[in-house]
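Chains A and F are the protein sequences, given in the same order.
When the letters of the first sequence are read in order and numbered with my numbering, they come out as residues 1 to 431.
When the letters of the second sequence are read in order and numbered with my numbering, they come out as residues 1 to 431.
The hints are simulated quantities; they were obtained by calculation from the structure and are not laboratory data.
Warning: the hint list may mix true and false statements.
Chain A is faced by these chain F residues, among others (derived, beta-carbon under 8 Å) [as the list claims (entries may be wrong)]:
| id | residue |
| --- | --- |
| 1 | Leu24 |
| 2 | Trp196 |
| 3 | Ala230 |
| 4 | Ser237 |
| 5 | Asp264 |
| 6 | Trp355 |
| 7 | Gly357 |
| 8 | Ile374 |
| 9 | Phe407 |
| 10 | Trp429 |
| 11 | Leu431 |
Quick partial rundown of chain A residues pointing at chain F, CB under 10 Å, derived from the structure [stated by the list, open to error]:
| id | residue |
| --- | --- |
| 12 | Arg101 |
| 13 | Asp210 |
| 14 | Phe211 |
| 15 | Pro214 |
| 16 | Ile233 |
| 17 | Tyr236 |
| 18 | Glu303 |
| 19 | Ser345 |
| 20 | Pro363 |
| 21 | Asp373 |
| 22 | Glu375 |
| 23 | Glu382 |
| 24 | Phe407 |
These figures come from a predicted structure and were not determined experimentally.
Ideal placement from N, C-alpha and C gives every residue a C-beta, glycine not left out.
What follows is each chain in one-letter form.
There are 2 protein chains.
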Amino acid sequence: MDLINKVLERIKPSEEEHKRTIELAKNVIDELKSLLDDIDAEPMLVGSVAKGTNLKNADVDIFIRYSPKYDRSTIEKKTIELGKKILKNPLVNYAEHPYVRGKFEDVDFEIVPCYRVEESNRKITSVDRTPFHTEFILKNLREWQRDEVRLLKQFLKGIGIYGAEARVEGFSGYLTELLVIKFGTFMDVLKNAQRWKRKTHISLDNTKKDFESPLIFIDPVDPNRNVASAVSIDNYSLLIFSSREFLKNPNEKFFFPGQYKEFDLRKIDERGTKILHIWMKRPQVVDDILFPQIRKFARYLSENLMEFSITKIGYYVDNNVHLIIESYYHDLPPLMVHEGPPVWSKNSEDFIKKWKGRAFNGPYIMNGKFFADIERRNRKIEDAIMKLISSGSIGKDLDKLKETIVFSRDPSTIDLKELSRVLDYRFPWEL
Amino acid sequence: MDLINKVLERIKPSEEEHKRTIELAKNVIDELKSLLDDIDAEPMLVGSVAKGTNLKNADVDIFIRYSPKYDRSTIEKKTIELGKKILKNPLVNYAEHPYVRGKFEDVDFEIVPCYRVEESNRKITSVDRTPFHTEFILKNLREWQRDEVRLLKQFLKGIGIYGAEARVEGFSGYLTELLVIKFGTFMDVLKNAQRWKRKTHISLDNTKKDFESPLIFIDPVDPNRNVASAVSIDNYSLLIFSSREFLKNPNEKFFFPGQYKEFDLRKIDERGTKILHIWMKRPQVVDDILFPQIRKFARYLSENLMEFSITKIGYYVDNNVHLIIESYYHDLPPLMVHEGPPVWSKNSEDFIKKWKGRAFNGPYIMNGKFFADIERRNRKIEDAIMKLISSGSIGKDLDKLKETIVFSRDPSTIDLKELSRVLDYRFPWEL
Numbered sequence: 001m002d003l004i005n006k007v008l009e010r011i012k013p014s015e016e017e018h019k020r021t022i023e024l025a026k027n028v029i030d031e032l033k034s035l036l037d038d039i040d041a042e043p044m045l046v047g048s049v050a051k052g053t054n055l056k057n058a059d060v061d062i063f064i065r066y067s068p069k070y071d072r073s074t075i076e077k078k079t080i081e082l083g084k085k086i087l088k089n090p091l092v093n094y095a096e097h098p099y100v101r102g103k104f105e106d107v108d109f110e111i112v113p114c115y116r117v118e119e120s121n122r123k124i125t126s127v128d129r130t131p132f133h134t135e136f137i138l139k140n141l142r143e144w145q146r147d148e149v150r151l152l153k154q155f156l157k158g159i160g161i162y163g164a165e166a167r168v169e170g171f172s173g174y175l176t177e178l179l180v181i182k183f184g185t186f187m188d189v190l191k192n193a194q195r196w197k198r199k200t201h202i203s204l205d206n207t208k209k210d211f212e213s214p215l216i217f218i219d220p221v222d223p224n225r226n227v228a229s230a231v232s233i234d235n236y237s238l239l240i241f242s243s244r245e246f247l248k249n250p251n252e253k254f255f256f257p258g259q260y261k262e263f264d265l266r267k268i269d270e271r272g273t274k275i276l277h278i279w280m281k282r283p284q285v286v287d288d289i290l291f292p293q294i295r296k297f298a299r300y301l302s303e304n305l306m307e308f309s310i311t312k313i314g315y316y317v318d319n320n321v322h323l324i325i326e327s328y329y330h331d332l333p334p335l336m337v338h339e340g341p342p343v344w345s346k347n348s349e350d351f352i353k354k355w356k357g358r359a360f361n362g363p364y365i366m367n368g369k370f371f372a373d374i375e376r377r378n379r380k381i382e383d384a385i386m387k388l389i390s391s392g393s394i395g396k397d398l399d400k401l402k403e404t405i406v407f408s409r410d411p412s413t414i415d416l417k418e419l420s421r422v423l424d425y426r427f428p429w430e431l
Numbered sequence: 001m002d003l004i005n006k007v008l009e010r011i012k013p014s015e016e017e018h019k020r021t022i023e024l025a026k027n028v029i030d031e032l033k034s035l036l037d038d039i040d041a042e043p044m045l046v047g048s049v050a051k052g053t054n055l056k057n058a059d060v061d062i063f064i065r066y067s068p069k070y071d072r073s074t075i076e077k078k079t080i081e082l083g084k085k086i087l088k089n090p091l092v093n094y095a096e097h098p099y100v101r102g103k104f105e106d107v108d109f110e111i112v113p114c115y116r117v118e119e120s121n122r123k124i125t126s127v128d129r130t131p132f133h134t135e136f137i138l139k140n141l142r143e144w145q146r147d148e149v150r151l152l153k154q155f156l157k158g159i160g161i162y163g164a165e166a167r168v169e170g171f172s173g174y175l176t177e178l179l180v181i182k183f184g185t186f187m188d189v190l191k192n193a194q195r196w197k198r199k200t201h202i203s204l205d206n207t208k209k210d211f212e213s214p215l216i217f218i219d220p221v222d223p224n225r226n227v228a229s230a231v232s233i234d235n236y237s238l239l240i241f242s243s244r245e246f247l248k249n250p251n252e253k254f255f256f257p258g259q260y261k262e263f264d265l266r267k268i269d270e271r272g273t274k275i276l277h278i279w280m281k282r283p284q285v286v287d288d289i290l291f292p293q294i295r296k297f298a299r300y301l302s303e304n305l306m307e308f309s310i311t312k313i314g315y316y317v318d319n320n321v322h323l324i325i326e327s328y329y330h331d332l333p334p335l336m337v338h339e340g341p342p343v344w345s346k347n348s349e350d351f352i353k354k355w356k357g358r359a360f361n362g363p364y365i366m367n368g369k370f371f372a373d374i375e376r377r378n379r380k381i382e383d384a385i386m387k388l389i390s391s392g393s394i395g396k397d398l399d400k401l402k403e404t405i406v407f408s409r410d411p412s413t414i415d416l417k418e419l420s421r422v423l424d425y426r427f428p429w430e431l
């Protein structure tokens, strides 16, 4: 297909780029080897470059496999020391281990410590599995399928669901490769995905094990692991729908979507809803720690602000963490219906004593319970939110920055492209 | 107790009243007997007068027990004919059978047809059981307990839950008598009732059979029947609470409560809520048919107007049927969130086609389903209600009078005593 070739031309590293990347990787490995001479450890090229499934300008991943006789802090310190010595502009990032990102010549490298284990399921830390994945793909993915993987990766990138990190909750490179091994080609993966239902079980050898996730792909190097565990229900659903739409109308836009335009604020009057913008300082933690907390925060609010009739909660992150809340109301009436205990419960005496004479109305009985119509404490949505935040946790790191919270009922304080994404959503290929 | 004697004095028929009632009943029965001479049927005094548990000015119930060889229309016609002949100002009412109400001298009588059956559980119509009930009470209620029954009846009357008819959903006379037989005295019934929990099973012989109702009292003359089946959860709860309160602070007000005062309309501003008054012509059907329909109507509205944040629905009946609806809002914003099918369902194509380009926002995906933010059709509560009424049934007889529905957002069109009962509820002894 012409489209496929056009896409490949944009995403596949050229012969020269490829050769150069491999050469640079060898240089890094050689340098590491010489610096590791008194230590029981060996560097190893892993990841998409090793597997030949890399897109243009991909990071090169080098793992240093240490003997398990070393403790974690030793291998971490050593890796940081080596990474800083070899790479330019080195930056230490923190996942399960700290690792070093930086440039070697003009190419991005990551140098990551792990343990050398006999089998993947004997791993000490989760990255110990990575070398086994590399090995498995090298053995099982046909050479001609590498481009199929590249196409699938770019497709997933285009629709915004490539990457297993918490910010994305999508499809990892390894999962992409396994899907191609399973179904054959990029197009075959989509043809399958468009027919997925509520839950999908996949494995290469018919192992069947259940996990909580909507998509389950049993890891061929560790049958107790679901390679697709990061994939959220929304991203799973989006792949189903995108596959259907792409197969009906194949189009470069699925691989290379446009961007949101700024939201036209006059549209808010038409909707007749209220917008609340909340922001607070971004905690200095990695995305994998931050994003689950933001989602928890958003869920906590949407579950506890029912009375304001929340229609949508979105979020985005820059130097601050931002929430966008759309609701029918910003202010509630004074009266609220307060549910008390059943008439036959012991606490009902206290309820009566507490509200008799203080309530607008009641206590009265409804369906076997006492109720009273009482005066609401937090009539403004901001007050209701502050009450929720002070009485519950919004996540370990967000909690620490509670006092930096700012509210605005003026939607023009929001990044208007982000506001478009929340209030004027487009599927990526429609942008 | 002094209180008990004071109450009895007000509710118990005097010796003379009692004698006179019995004499009049005999006269009616004699007249009926002479008029029934060619028919296989006999008149019988039943009800509270027969059982000696009547309050002052009670109706006198005369049943005519016909041989089962007659068909229903024969016995009904005959009874109406006789009733009209004997009673002054006769009025034909319709329950399972039609029956005649009217005066004999200055006392209210009811003349009701039923079938003579061998055993209560062989009944043809539900009133065929009544003579067995009368017989059972005469045999099992001690003479000194008759006043205990009168006290309990008046207590139930006072708190508004005496009567098994649909308007009241409360305690029948027979149930009151059985409660006294079971527990001994008026005070013992209350001492027991105050400890009732979510569900109470009572029988005289430890029969245990389950029914849907919160209160179950197995009928000693028909173990397949729950004598308390009419008692609603709210009335059941009210008896529990009233018993507790009376035992803590015995007071004539429980037997003879005051009345609601007119609602002070300025209180609505304090509450900050909206009041809607709906009324329609009262259908010409008996209360036992009407009230279940009104309750169904009220429930239908409260379940389907969630978005207006209904806080209370009350009703009352005069020449019209009136609903009082209190809610946070009378008008909703243009936007509403419309839930569509799961992404993997076949209908999802249609949903997309329908809303693409027409919605304020979307279709978009949330938790595996498509949604769209669309324009609401019925933004005014009146329109939303008319929509509900035209698309669903509000009861056979109410349906026929749909076109007479009137709405008012002005609470001063409501009977202000009824409005007090709904918005400024008092327990009966507090009135």
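query: Among all the numbered hints in the text so far, which are the ones the structure does not match?
result: Violated hints (numbers, rising): 1, 3, 5, 6, 7, 8, 9, 10, 11, 12, 13, 14, 18, 23 and 24; every other hint is consistent with the structure.
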